[in-house]
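Protein chains in written order, with our numbering: chain A, 1 to 233; chain B, 1 to 202; chain C, 1 to 503.
Simulated from the structure, these hints should not be mistaken for laboratory data.
From the three backbone atoms N, C-alpha and C, an ideal C-beta is built for every residue, glycine too.
Among the clues, some could well be false.
What the hints assert, rightly or not - Derived lysine to aspartate or glutamate pairs resembling EDC-like cross-links, with alpha carbons at most 20 angstroms apart: (1) K415(C) x E168(A); (2) K78(C) x D105(C); (3) K31(C) x E80(C); (4) K32(C) x E20(C); (5) K13(B) x D25(C); (6) K14(C) x E168(A); (7) K360(C) x E184(A); (8) K109(A) x D68(C); (9) K16(C) x D149(A); (10) K366(C) x D149(A); (11) K198(B) x E19(C); (12) K49(A) x D103(C); (13) K69(B) x D149(A); (14) K222(C) x D444(C); (15) K66(B) x D149(A); (16) K4(A) x D105(C); (17) K152(A) x E83(C).
Claimed, not checked - Away from chain A, derived, C-beta distances all over 10 angstroms, residues of chain C: (18) D103; (19) D128; (20) L146; (21) P319; (22) A320; (23) A321; (24) K357; (25) M370; (26) G385; (27) E405; (28) A436.
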Amino acid sequence: MRLKLDPRTKLYMILVVSAVVLMSATTTFLWTVRIIMTLIPVILLVIEKRYSSALWFAFLYTVALIVTFMFLSEESTGIFKALLTGYSGIVVQFMPALITAWYVVRTTKIGEFMSAMQKMHVPDGITISLAVVMRFFPTIREEYSAISDAMKMRGISLGGGNAVKMVEYRMIPLLFSCVNIGDELSAAAITRGLGGEVKRTSVGELRLRAADWLLITAFTAVAVLFVIFKYIL
Amino acid sequence: MSTDTNDKTNRLKPKDFITVGIFTAILFVVEFACGMLGYIHPFIVASYVVMIPLVGAVPMMLFYTKVEKFGMITIMSVLLAIIMFVTGMGFLGAPLIILSGVIADLIAKSGKYKSFKKTVISNGIFSLWICANYFPVIVSADSYRKDLLDGGYSAEYCNNLFMAINYKTIGVLLILCFVFGCIGAVIGKAIVRKHFEKAGIV
Amino acid sequence: MNGNIVKIEKVNFKYKGSEEGLLKDTSLNIKKGETVLLTGASGSGKTTIIRLINGLIPHYYQGDLEGDVEVAGYDIAKTELYELAGVVGTVFQNPRSQFFSVDTDGEIVFGPENIGLDPKEILERKNDVVREMHIEKLLGRSLFELSGGEKQSIACASVSALLPEIILLDEPSSNLDQSAIRKLADEIRLWKSQGKTIVISEHRLWYLKDLVDRVIYMDHGKIRHEWTGGEFRSLGKTDIKKLQLRPLEVKDILSASCGCEGECGMECGMDLSGTDTDDGIMLDDFFFSYERKPYLFWKKQFSAEDENLTLCIPHLVLPAASVIGVVGKNGTGKSTFLKCLCGLEKDCKGKVEYEGKTYKGRERLKLCYMVMQDVNHQLFTDSVGAEVILSMETEDNERVDEILESLGILEFKDKHPMALSGGQKQRVAIASAMAASAKLMLFDEPTSGLDYSHMEQVAKLLQSLASSGITVLVATHDPELIEMCCDYLLCIENGKTGYMKRL
Numbered sequence: 001m002r003l004k005l006d007p008r009t010k011l012y013m014i015l016v017v018s019a020v021v022l023m024s025a026t027t028t029f030l031w032t033v034r035i036i037m038t039l040i041p042v043i044l045l046v047i048e049k050r051y052s053s054a055l056w057f058a059f060l061y062t063v064a065l066i067v068t069f070m071f072l073s074e075e076s077t078g079i080f081k082a083l084l085t086g087y088s089g090i091v092v093q094f095m096p097a098l099i100t101a102w103y104v105v106r107t108t109k110i111g112e113f114m115s116a117m118q119k120m121h122v123p124d125g126i127t128i129s130l131a132v133v134m135r136f137f138p139t140i141r142e143e144y145s146a147i148s149d150a151m152k153m154r155g156i157s158l159g160g161g162n163a164v165k166m167v168e169y170r171m172i173p174l175l176f177s178c179v180n181i182g183d184e185l186s187a188a189a190i191t192r193g194l195g196g197e198v199k200r201t202s203v204g205e206l207r208l209r210a211a212d213w214l215l216i217t218a219f220t221a222v223a224v225l226f227v228i229f230k231y232i233l
Numbered sequence: 001m002s003t004d005t006n007d008k009t010n011r012l013k014p015k016d017f018i019t020v021g022i023f024t025a026i027l028f029v030v031e032f033a034c035g036m037l038g039y040i041h042p043f044i045v046a047s048y049v050v051m052i053p054l055v056g057a058v059p060m061m062l063f064y065t066k067v068e069k070f071g072m073i074t075i076m077s078v079l080l081a082i083i084m085f086v087t088g089m090g091f092l093g094a095p096l097i098i099l100s101g102v103i104a105d106l107i108a109k110s111g112k113y114k115s116f117k118k119t120v121i122s123n124g125i126f127s128l129w130i131c132a133n134y135f136p137v138i139v140s141a142d143s144y145r146k147d148l149l150d151g152g153y154s155a156e157y158c159n160n161l162f163m164a165i166n167y168k169t170i171g172v173l174l175i176l177c178f179v180f181g182c183i184g185a186v187i188g189k190a191i192v193r194k195h196f197e198k199a200g201i202v
Numbered sequence: 001m002n003g004n005i006v007k008i009e010k011v012n013f014k015y016k017g018s019e020e021g022l023l024k025d026t027s028l029n030i031k032k033g034e035t036v037l038l039t040g041a042s043g044s045g046k047t048t049i050i051r052l053i054n055g056l057i058p059h060y061y062q063g064d065l066e067g068d069v070e071v072a073g074y075d076i077a078k079t080e081l082y083e084l085a086g087v088v089g090t091v092f093q094n095p096r097s098q099f100f101s102v103d104t105d106g107e108i109v110f111g112p113e114n115i116g117l118d119p120k121e122i123l124e125r126k127n128d129v130v131r132e133m134h135i136e137k138l139l140g141r142s143l144f145e146l147s148g149g150e151k152q153s154i155a156c157a158s159v160s161a162l163l164p165e166i167i168l169l170d171e172p173s174s175n176l177d178q179s180a181i182r183k184l185a186d187e188i189r190l191w192k193s194q195g196k197t198i199v200i201s202e203h204r205l206w207y208l209k210d211l212v213d214r215v216i217y218m219d220h221g222k223i224r225h226e227w228t229g230g231e232f233r234s235l236g237k238t239d240i241k242k243l244q245l246r247p248l249e250v251k252d253i254l255s256a257s258c259g260c261e262g263e264c265g266m267e268c269g270m271d272l273s274g275t276d277t278d279d280g281i282m283l284d285d286f287f288f289s290y291e292r293k294p295y296l297f298w299k300k301q302f303s304a305e306d307e308n309l310t311l312c313i314p315h316l317v318l319p320a321a322s323v324i325g326v327v328g329k330n331g332t333g334k335s336t337f338l339k340c341l342c343g344l345e346k347d348c349k350g351k352v353e354y355e356g357k358t359y360k361g362r363e364r365l366k367l368c369y370m371v372m373q374d375v376n377h378q379l380f381t382d383s384v385g386a387e388v389i390l391s392m393e394t395e396d397n398e399r400v401d402e403i404l405e406s407l408g409i410l411e412f413k414d415k416h417p418m419a420l421s422g423g424q425k426q427r428v429a430i431a432s433a434m435a436a437s438a439k440l441m442l443f444d445e446p447t448s449g450l451d452y453s454h455m456e457q458v459a460k461l462l463q464s465l466a467s468s469g470i471t472v473l474v475a476t477h478d479p480e481l482i483e484m485c486c487d488y489l490l491c492i493e494n495g496k497t498g499y500m501k502r503l
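Next comes chain A alone, as it looks inside the complex (with noise of 0.2 angstroms):
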């Protein structure tokens, strides 16, 4: 089974999100609330069909959560502790933002995107620049990889020591790869008729479905629970 959700729907889920993630939660019925929320990204992405990420955003998650509420408190100290509770923090902290982006760019594809993009009048250019960069990233994996390949045969991967080289050994050849690579790909994509006058249509026909209102409904649920029991109440 494969549960299609309209991307608008995954953007708002990214909202609520964040602005959650900024109000810490401070009772035990906020954490709840925050736990929850967090469990909704971990059985959508179970529900894609990938496990092994939401295996390990889960695992991590509890780790972080037991972490923090078992051993850690204000009085804590000493660097294995400071350090300890500084990852635990972070990610307790953001791990729910980070996993849902991770779901939300894993499984909208760039044109179902650009679509969505375009229905909220989005501006062209922004849409484009920003399909560009989801591209993107798996691009500067890859030659990052050739080029840290590349380092480690010629052993210059510490750039002897001096930091600067170690910048400079690794942007240079990945900016070189990534301005040839920009290059034709707008030429393949000026080709194919990319910023044309016409109005762009799409085959991902975008609808709210029910599950699409549901989470809508779940999302806002959260997000109000939180500014009431956390600045009202």
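Position chains B and C against the provided structure of chain A, taking the given hints into account.
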């Protein structure tokens, strides 16, 4: 017919949007790589203002050589704001990011995107976006501190964090960002000259 | 003439920033429904002609353009590129850089969506294209996990979905293996049967010779020869060689010259010391898989008994100081083998024995050096000289000059490596390998996209490396190259050594 085409050259073309996309992706990867170091110690979080402008200046200076029209730097800042939002850094920083993008774009435009001096200042201003990372800490410093403690952060981490980043130091941090943005621009330009101009790419 | 769909008249063109003109007073007419091949050395102007037809010149690549270009009734100079999207389609050289989407489905419909067709019609077109090209199994996948050949198929499909009258292909086979090239030929045949006008710029001729109606030979920006398809097919070997073209007939490296049928499926663990040299380089225990092994406290090592190994070579002897061709289909483990051999895959614990010394793990990096397919990844400094010095343990300027001299690139010593041509960059990478005194040099597809004379140069270079005592392994899809320079042929299939024979 000819005036028609003249009009169109001042508008951004798909190629420009793709260039913006590519460099935004690279800049974000740089920010992310530096950001990972922040997990080690809170002081490193404060040193973003030095690291990111310096390292990021290399792609930025290459980017500036490709900018000829108004809007490219602005769009980059909008994209950065969106990416920051999507990756969970919130939306409080968005106004600062976009504002610094627009101003940087205007400054570079006043030098017709060719003047080196204007480019340096423009990059300095653009670098202010990095401070958006600190906004959640500053805007609600007191309650945020309490939240952090309640949320399991140790008192020591909080003390360090707030010693480095608070409403008194934010001014200093902004100035540092600007200064290192300018220094980075000069170094970055030298690297672009050393490699890309020598290779005949730009 | 009404039948001419492409009219190029007296065109002179010079790229911005370059001094010499790339096209000189060139005229070319192409009839509707014709299949035309453009060939000739690198830099002869083939690609420039393609760019004139699809409008990238003057709208994308700037320069001084004189003369007129008219395509399907459009005056190219006055037509915006997006207006041409449904008229002219282009398949480019590099499969990695020409897709805009991340998923295959999105890429096929990308063009039609851009020109604003009705979604229903787009889907119909997509289904037609997929059916015609038999690419059902590629649907619903990420473009980043496809092989080069599969990516090129998607690129063809994506162009096809726009239903252009004219299809241009710019060195489309550069990064493909022989079976993928045959698939490409099928796709071109399909377009031909649909009555499309096709223009192909290409160095590899064997797969096109039966498809083309007309062949244009270019040299230094001018059209020097023109043949009909029949005339071209009847050209003798010596004529082809005189024109510095790649041969019209090549051996099928994957079946004929390798003799792999049946034999390649040898059991893992089979000893392959069938070579007559025992004093060669011994490889032992090369096992590797991209699927991670589950481990709890320490990593479990790969062994011959494991299933799904990407690479499984328990023992192999490489004859020293010779050129060994490594062949095999794309995705059967050639590149993995090279990467493991030079120690880039940490989890591969293979041993290399050379002159009585055993090299393990990271030590292999000192013994081996790989010249990558995309050589841009391994050039780090701002001058050719500095690049060589970077590989040396102690700076020795005389040795630098010596190495550069022997490779014929001494004149570029102070130039930026990225300012050089592809072949010259390759030499810079070889120079740094020599400076690091590597004994085993690995080449990953060194001749992809090279013309005949450059390929000949590479072949000579590999042989001279071998005669100076270096063992050269070269993974390639080019039968011509194997014929020119290889002493041995190693066939890899499904990660196992299938065959090792003397040529």
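Checked hints:
| no. | hint | result |
| --- | --- | --- |
| 1 | K415(C) x E168(A) | holds, 18 angstroms |
| 2 | K78(C) x D105(C) | violated, 33 angstroms |
| 3 | K31(C) x E80(C) | violated, 23 angstroms |
| 4 | K32(C) x E20(C) | violated, 33 angstroms |
| 5 | K13(B) x D25(C) | violated, 31 angstroms |
| 6 | K14(C) x E168(A) | violated, 34 angstroms |
| 7 | K360(C) x E184(A) | violated, 41 angstroms |
| 8 | K109(A) x D68(C) | violated, 41 angstroms |
| 9 | K16(C) x D149(A) | violated, 35 angstroms |
| 10 | K366(C) x D149(A) | holds, 14 angstroms |
| 11 | K198(B) x E19(C) | holds, 17 angstroms |
| 12 | K49(A) x D103(C) | holds, 17 angstroms |
| 13 | K69(B) x D149(A) | violated, 38 angstroms |
| 14 | K222(C) x D444(C) | violated, 33 angstroms |
| 15 | K66(B) x D149(A) | violated, 29 angstroms |
| 16 | K4(A) x D105(C) | holds, 16 angstroms |
| 17 | K152(A) x E83(C) | violated, 47 angstroms |
| 18 | D103 | violated, 5 angstroms |
| 19 | D128 | holds, 14 angstroms |
| 20 | L146 | holds, 12 angstroms |
| 21 | P319 | holds, 23 angstroms |
| 22 | A320 | holds, 21 angstroms |
| 23 | A321 | holds, 21 angstroms |
| 24 | K357 | holds, 19 angstroms |
| 25 | M370 | violated, 6 angstroms |
| 26 | G385 | holds, 16 angstroms |
| 27 | E405 | holds, 22 angstroms |
| 28 | A436 | violated, 7 angstroms |
Hint check: violations occur at hints 2, 3, 4, 5, 6, 7, 8, 9, 13, 14, 15, 17, 18, 25, 28; the rest are consistent with the structure.
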